[in-house]
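Engineer: Chain B: place on chain A using the hints.
Spelled out from the first residue to the last, the chains are:
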Amino acid sequence: MSITASLGSRSVAKFLIGTIIGLVACRQPAQAAELAAQDVALLDRLSWGVNASSAAHLREVGVERWLQEQLHPANAALPPAVHAQIEAMPDVHRFPFDIAVAFDLQAKSANQVADPEQRRAAQTVFQQGMNDRVKQAAARTILRALYAPDQLRERMTWFWYNHFNVFQYKATIRVLLGDYEDHAIRDHALGKFHDLLAATLHHPVMLRYLDNADNAAGHRNENYAREIMELHTMGVGSGYTQADVEALARILTGVGVDFASEDPKLKPELQSQLVREGGFEFNPARHDYGDKTFLGHQIKGRGLAEVDEALDILCRHPATATHIARQLATYFVSDNPPDALVQRMAQTFEKTDGDIAAVMSTLVHAPEFSATLKDGAKFKDPVLYVISAVRLAYDTKVILNTMPIQGWLNRLSEGLFNHETPDGYSMLSTAWNGPGQMMLRFEIARAIGSGSAGLFKPNEPNTVDQPAFPQVMNALYFSTIRQTLSPTTLAALDQAVSPQDWNTLFLSSPEFMH
Amino acid sequence: MNRRDLIKAFAASASLTVAGRVWAAPATDARLLVVFLRGAYDAANVIVPVGSEFYYATRPTLAIARPDAGNPNAALALDAGWGLHPALRDSIYPLWAKREIAFVPFAGCTDDLSRSHFETQDTIELGQTVGGSRDYRSGFMSRLASELTRVKPISFTDQLPLIFRGHAQVPNTSIASVSKPGVDDRQAQLIKQMYTQGSLANSVAEGFRVRDDVYKSVSEEMTAANRGAVSPRGFELSARRIGHLMREQFNLGFVDVGGWDTHVNQGAATGYLASRLGELGRGLAGFAEEIGPAMWRDTVVVVISEFGRTFRENGNHGTDHGHGSVYWVMGGGINGGRMAGEQVKVAEATLFQNRDYPVLTDYRAFFAGLIQRVYGLQQPSLERIFTGIKPKDLNLV
Chain A
1 MSITASLGSR SVAKFLIGTI IGLVACRQPA QAAELAAQDV ALLDRLSWGV NASSAAHLRE
61 VGVERWLQEQ LHPANAALPP AVHAQIEAMP DVHRFPFDIA VAFDLQAKSA NQVADPEQRR
121 AAQTVFQQGM NDRVKQAAAR TILRALYAPD QLRERMTWFW YNHFNVFQYK ATIRVLLGDY
181 EDHAIRDHAL GKFHDLLAAT LHHPVMLRYL DNADNAAGHR NENYAREIME LHTMGVGSGY
241 TQADVEALAR ILTGVGVDFA SEDPKLKPEL QSQLVREGGF EFNPARHDYG DKTFLGHQIK
301 GRGLAEVDEA LDILCRHPAT ATHIARQLAT YFVSDNPPDA LVQRMAQTFE KTDGDIAAVM
361 STLVHAPEFS ATLKDGAKFK DPVLYVISAV RLAYDTKVIL NTMPIQGWLN RLSEGLFNHE
421 TPDGYSMLST AWNGPGQMML RFEIARAIGS GSAGLFKPNE PNTVDQPAFP QVMNALYFST
481 IRQTLSPTTL AALDQAVSPQ DWNTLFLSSP EFMH
Chain B
1 MNRRDLIKAF AASASLTVAG RVWAAPATDA RLLVVFLRGA YDAANVIVPV GSEFYYATRP
61 TLAIARPDAG NPNAALALDA GWGLHPALRD SIYPLWAKRE IAFVPFAGCT DDLSRSHFET
121 QDTIELGQTV GGSRDYRSGF MSRLASELTR VKPISFTDQL PLIFRGHAQV PNTSIASVSK
181 PGVDDRQAQL IKQMYTQGSL ANSVAEGFRV RDDVYKSVSE EMTAANRGAV SPRGFELSAR
241 RIGHLMREQF NLGFVDVGGW DTHVNQGAAT GYLASRLGEL GRGLAGFAEE IGPAMWRDTV
301 VVVISEFGRT FRENGNHGTD HGHGSVYWVM GGGINGGRMA GEQVKVAEAT LFQNRDYPVL
361 TDYRAFFAGL IQRVYGLQQP SLERIFTGIK PKDLNLV
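Here the protein sequences come in this chain order: A and B.
Residue numbers 1 to 514, in the numbering used here, belong to the letters of the first sequence in order.
Residue numbers 1 to 397, in the numbering used here, belong to the letters of the second sequence in order.
Chain A extracted, bound-state conformation:
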C-alpha cells in the first residue's frame, strides 16, 4: 500500500483508481475527481460524512441545488436494502401507542405474579422487551444516518434529539423512544421550531422524563418547566426568574400521560376540557386554574390553552431565537461561533417565526461558515466520528448489523439515547478530545479499519459474517482527500504494512478527526 502514497501525480492516481476499483469494488463512479476540496468539506460538514457516492451526487447537481435538496428534502426514499431492513423490524408495523399499552399491561401483570422467583423472571422479560425497543430504534437511527439521502435532516434529527434530550433508562421511556425520535423530532427537524417544541411537549416520553406527568395542582413538580426555559428555549441567564419557573410549572399542571383505556373520572363541568391523544393527556382535574404571571404576561387560568399561550411567548422571545441560533452554529460551525453569524441566524429565526430551514439557510450561506471549512476547525464528536468512518469505508454497501456501532458509541460515551441529564451531549471539542477519549478513538479506528468488525453479520442466531472489507483508500481519497493531508500524516501512512494498518492509521489521523 505504501507505494500509492509516494506516487503523487494525478494521472498515476487515476490509473491506480481504475485498478483498485477493478480489483475490489466495481461500484464507485470515479467522477468525484473534479470536486473542489472546499465543496467536499461542505458536504462533509453538513452530512454524516462524505463518501464517494455522495461526492459524486454533489458534483452532478452542484452545490446550490444540493443545499436546496438538503434544506427542503422532497424525496427521502432510503435505498431498497436499507428500507428492507427497517421494514423487517417488528415495531415498524405496530402503532406505537398499542406497543406502549401492551407494555403497561405486561408490567402490571409481571408485578402481580405471586411467586417471587417467577415475578423476577416476568420482570426480566419485560425489561428485555423494553431494551429490544431501544435497540431497534437505535438501529433505525444508524441506518438512516449511514444511508438516507436527506443527510442534513438526519443531522438535524440528531441535533434536536440532543437538544430535547431524554434518557432511555428513565421509567418506561424505552418503549416509545423510537416514536419520539421518528415523529416528535424527525418530522419537525427542518420545520417550525414552535411545532417541534409542541411535539416534544405532547409526547409521553418527554412528560415522563422530566416528571411533568407527576405535575398537578397542589402537587407541583417544577422540573420540566425549568428545563423548557433553561435548555429548550430561552437559555439559562436570559432573564427568567424563579417565579417564572413556578408560574410555568403551574401552567403545565395536568399535562401528563395516560395509557388506560378508560377516561379518568371527572366532574361533569370539567369533562369538555379533557384532552387525550395517544398517550398524551390533559387532565383538567389535575390543573391549577388560577391566573398566572409568566414572563411579564398575565395568563388567564383556563386549561390547556394556557400551555399554547406560554409556548407562543417562549418561541417569540428574542432570547429563544439567540439561544437556538447559537446552539446550531456551535454544532455546525465552531466551538465559538462568530457573534455576527449568530445574530443573523437569530434575525432569520425571528423574521420567519422560527423556520428552522430558513435559519439553516442563513448559516450555510454565511461567509463565516465557508471560512471554517478551510481549516477543518470543527472536531468531530464521537457519533459523527464513527458514522463518518463507516460511511467512508463502506459507502453504499449496506451493513447488516448496527450493534457494533451501538457498542462503539457507548464506549465513546456518546451512546444513542444514553445521556442521563436533560442538557444533552456537549457540542464542544474539549468534551471529546481528552487523552482517554483519543485513545478510545484509535481503538475504534482499528476496529473499523481492520475488517468487517461484525457489521456484516446479521443480528440473528447462527449467522456468519458476510465478506466485506473497508475501502477507505478509494477514488475519493485519491481525487480529493489525499491533497488535504499534512506531510506528517502522509509520512505515517507511508509506513503502513497492510491495508488494515493503513486504514487504522488513516482513521486515526488528525485530519479525519475534524
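Read the hints as simulated data drawn from the structure, not as lab findings.
Every value quoted in this text rests on a predicted model; they were computed, and no experiment measured them.
One thing to keep in mind: the hints can contain errors.
[What the hints assert, rightly or not] Here are the simulated EDC-like cross-link-like pairs (lysine to aspartate or glutamate), alpha carbons at most 20 Å apart as the crow flies: (1) Lys180/B x Glu443/A; (2) Lys170/A x Glu279/B; (3) Lys351/A x Asp339/A; (4) Lys192/B x Glu443/A; (5) Lys98/B x Asp111/B; (6) Lys392/B x Asp362/B; (7) Lys135/A x Asp494/A; (8) Lys98/B x Glu289/B; (9) Lys345/B x Asp362/B; (10) Lys192/A x Asp355/A; (11) Lys192/A x Asp339/A; (12) Lys192/A x Asp182/A; (13) Lys216/B x Glu443/A; (14) Lys345/B x Glu53/B; (15) Lys192/B x Asp355/A; (16) Lys192/A x Glu350/A; (17) Lys345/B x Asp29/B; (18) Lys192/B x Glu511/A.
Structural biologist: Just chain B, lined up with the frame of chain A:
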C-alpha cells in the same frame, strides 16, 4: 512527625522557591480526590437534621426516623442535631467513629442562584465569580495542579471535565471498562508521529502514557488475589481502581457520580436514593481500603454536589432544585467526627428564600482553606486558584 505537623513546620519556615515558584506540596504522598455528585443530591436526607421538628413536619413521606438502636431504618446518630442515612451504616459510619470524616453543612455556591444543574456545576468547576466573564479553559483543579510541584493529576472520567481544563495537561481515563489495548506499540508510535504538530499533540502523547500505566495497574489488580468478596460493580469497582491507581501513581484526582436528581419517588430509608447512596458509600470505603492504611493517613477525599434540594418534599415524594448542600471531607489524617463550619438551626425561619438550605460556607473559601492546609500553599498561589477569595480554615487537616 506526621504530615500535619510537617506542613505546619514547613509553613512556618521561610518559603522555598524553585524556578520562581513556591516549592509546594512538600509531602509527595499527599493525595486529594474530589468526588462530584452530579444532579444535586438531597443532602437533607443523607446528613439528616434529626434535631429539627420542621424537617419531620415538612417531609411526611421522605423523612428518616430519629436515631433509634432498635430501628434499622432510623438515622445513625452523629451528634445532637444530626444523623446519617442508614444506607451508610457499614461504609461511612465507621469512619465517623474513627473521626476520619467530617461534614460541612450549609455549603455551596453563594453567588450562583440559577438553580440550574449545568450552570452551577460549571460555576463550581471553574471556581470563578459569577458576575465576571468566564474563562471556560480554566478549571480550579487544573489551576491547583499548576501551583503544585511533583503533582500527578488525573480525571477518572470518560471526558475531561471542566474542573481539570487548563494549562496543565491532565489526562482523563475511563475507569469502569479497561481492556487490553488493540493499537500496538508500532501503531502508537506512528499515531503519535501524526500528532506531533497541532493542538492535540499533548493529549495524544499523554493518552498513550496513561493508557499503558492504567492497563498495567488494572491487570495487576485483576491477577492479584481476590479478597474473597463479591466482585464489585459500578462505582464500587471504579472507586477501588481509583484507590489502586492513587496509591501507585496519581496524587490529584477527580471522579463524578451521577443520578442524584430526585424529583419523584426518591425514597426514604430505602428506595432509589438509598440504593444510590449505598453504592457511593461502598465505593468510598473500597477506595480507602485499596489505597491502604499508610497512604490513607495522607489522603483527603472531598465529596461535593452542585446545590441542595428544596427542603420541603414536593407533591411527588421527591424534591426540586434548591441551594445549600452538605460537603463531606474524609481521610485518615483529618480532624473528623464533627460537623464543621458555620451553622444555623434548621427551621422554617432559617431557610433561604423560604425554600432551601442557605449557603454559609462558600465552596471557594472552603476549598482554598482546605488546600492551604493540605499543601501549605502560600497566599499568592491561593489567589491564582481562587481569585479574590479569603480562605476559610475549618481546621479539617
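Engineer: Next, verify each hint and record whether it holds.
Structural biologist: Hint check:
{"no.": "1", "hint": "Lys180/B x Glu443/A", "result": "holds (10 Å)"}
{"no.": "2", "hint": "Lys170/A x Glu279/B", "result": "holds (19 Å)"}
{"no.": "3", "hint": "Lys351/A x Asp339/A", "result": "holds (18 Å)"}
{"no.": "4", "hint": "Lys192/B x Glu443/A", "result": "holds (14 Å)"}
{"no.": "5", "hint": "Lys98/B x Asp111/B", "result": "violated (35 Å)"}
{"no.": "6", "hint": "Lys392/B x Asp362/B", "result": "holds (9 Å)"}
{"no.": "7", "hint": "Lys135/A x Asp494/A", "result": "violated (40 Å)"}
{"no.": "8", "hint": "Lys98/B x Glu289/B", "result": "holds (14 Å)"}
{"no.": "9", "hint": "Lys345/B x Asp362/B", "result": "holds (18 Å)"}
{"no.": "10", "hint": "Lys192/A x Asp355/A", "result": "holds (5 Å)"}
{"no.": "11", "hint": "Lys192/A x Asp339/A", "result": "violated (23 Å)"}
{"no.": "12", "hint": "Lys192/A x Asp182/A", "result": "holds (16 Å)"}
{"no.": "13", "hint": "Lys216/B x Glu443/A", "result": "holds (17 Å)"}
{"no.": "14", "hint": "Lys345/B x Glu53/B", "result": "holds (11 Å)"}
{"no.": "15", "hint": "Lys192/B x Asp355/A", "result": "violated (45 Å)"}
{"no.": "16", "hint": "Lys192/A x Glu350/A", "result": "holds (11 Å)"}
{"no.": "17", "hint": "Lys345/B x Asp29/B", "result": "violated (39 Å)"}
{"no.": "18", "hint": "Lys192/B x Glu511/A", "result": "holds (14 Å)"}
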